[in-house]
Amino acid sequence: MRNTPEANAARQDLTRVRLMVVDDSSVIRNRIARIAGNGLLNTHIVGLARNGLEAVRLCAQYQPDLVTLDLTMPEMDGIDCVDALVKLKPDIRVLVVSALSDKVTALEAIKRGANGFLFKPFTDEQLVQALKELSQ
Amino acid sequence: MNAQAHPYASLKPDDLNVFVEAIAHYFHQISAEDAQVRPAYLTDEDDRRRGDYTGLIRISGQFQGQVYFSAPSAMLRHLLLSQGESQHSEDTLLDLVGEVANTLSGNARRYFGDRFVISVPQTQRGAPAATGEHAFAIPLNWKKYNALLIVEVDRCGA
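Here the protein sequences come in this chain order: A and B.
Throughout the first sequence, residue numbering follows this note's numbering, covering 1 to 136 in sequence.
Throughout the second sequence, residue numbering follows this note's numbering, covering 137 to 294 in sequence.
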């Protein structure tokens, strides 16, 4: 590969964690994308999805390494989406980002294959820490 | 009506503290300035006229009813700014008011458990629609803005 700015950017992209953000709220999608793209994390946003069905479609297309996933969404909820994403890409890492604060839901998400759980509302620092842990 | 024949019972004042705590926690996490949250009271006519935008969450499972979050547009714009969001269109304001209602309702599951089933948010311009006689209002003040969480939820078989 030549040493052009484009080639350097492409090489850098290969080392970055490919992140997909799934949430039915545009405010939350944009906020997570902004925090993840602020340079503190070695991530590259490859998709923004509004529901589980869209997430599955984008996952097949862009093969993300890491997904932040809301649970309460239209079309396909987050718990079913964890199943579908893990089936599609078994090595995918899933960070559930949800307001559902009961233990049963968190344990169910982990049982289905999620790797972490971050409760809403979250601070920027809490999100960065959670993404760092799952990016390693 | 015979109370035993009624399969649902209103939430008790202690049950409502979980929403008071959820509101305080939300603003503490999202902004540098905490909200002042007052105790719950039974709603009156004035409460149903407040707010430029309203987010509604329907509650089902072992509970039945709805939770509304209603806020002025200036407060929602300020909340967007505090989250780094520069897009302040009406769609974004509606999205945010629904997300706040969703977050406060979802956080209540820490207390009520997973049988407190919440819907995706429905949003609307204006104040909440008419509420029933068991609706409680929880007023809050954040910066200079006043908003309201209305909890109209009954517990099944209580």
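If you're looking for bench data, these hints aren't it; they were derived computationally from the structure.
Please note that the accuracy of each hint is not assured.
Footprint (simulated), chain B over chain A, 3 or more residues, beta carbon under 8 Å [as the list claims (entries may be wrong)]: (1) 21 to 34; (2) 62 to 75; (3) 90 to 101; (4) 115 to 125.
These numbers were taken from a predicted model, which means no experiment stands behind them.
Virtual Cβ for every residue (Gly too), placed ideally from N, Cα, C.
Self-check item: Claimed coverage, the segment 62 to 75 of chain A by chain B - three or more beta carbons nearer than 8 Å
Solution: holds (count 3)
Quiz item: Mind checking, does the segment 115 to 125 of chain A have 3 or more residues with a CB under 8 Å from chain B?
Solution: holds (count 5)
Quiz item: Do three or more residues from the segment 21 to 34 of chain A put their C-beta atoms closer than 8 Å to C-beta atoms of chain B?
Solution: holds (count 8)
Quiz item: Do three or more residues of the segment 90 to 101 of chain A come closer than 8 Å to chain B, measuring C-beta to C-beta?
Solution: holds (count 4)
In this structure, none of the earlier numbered hints is contradicted; all agree with it.
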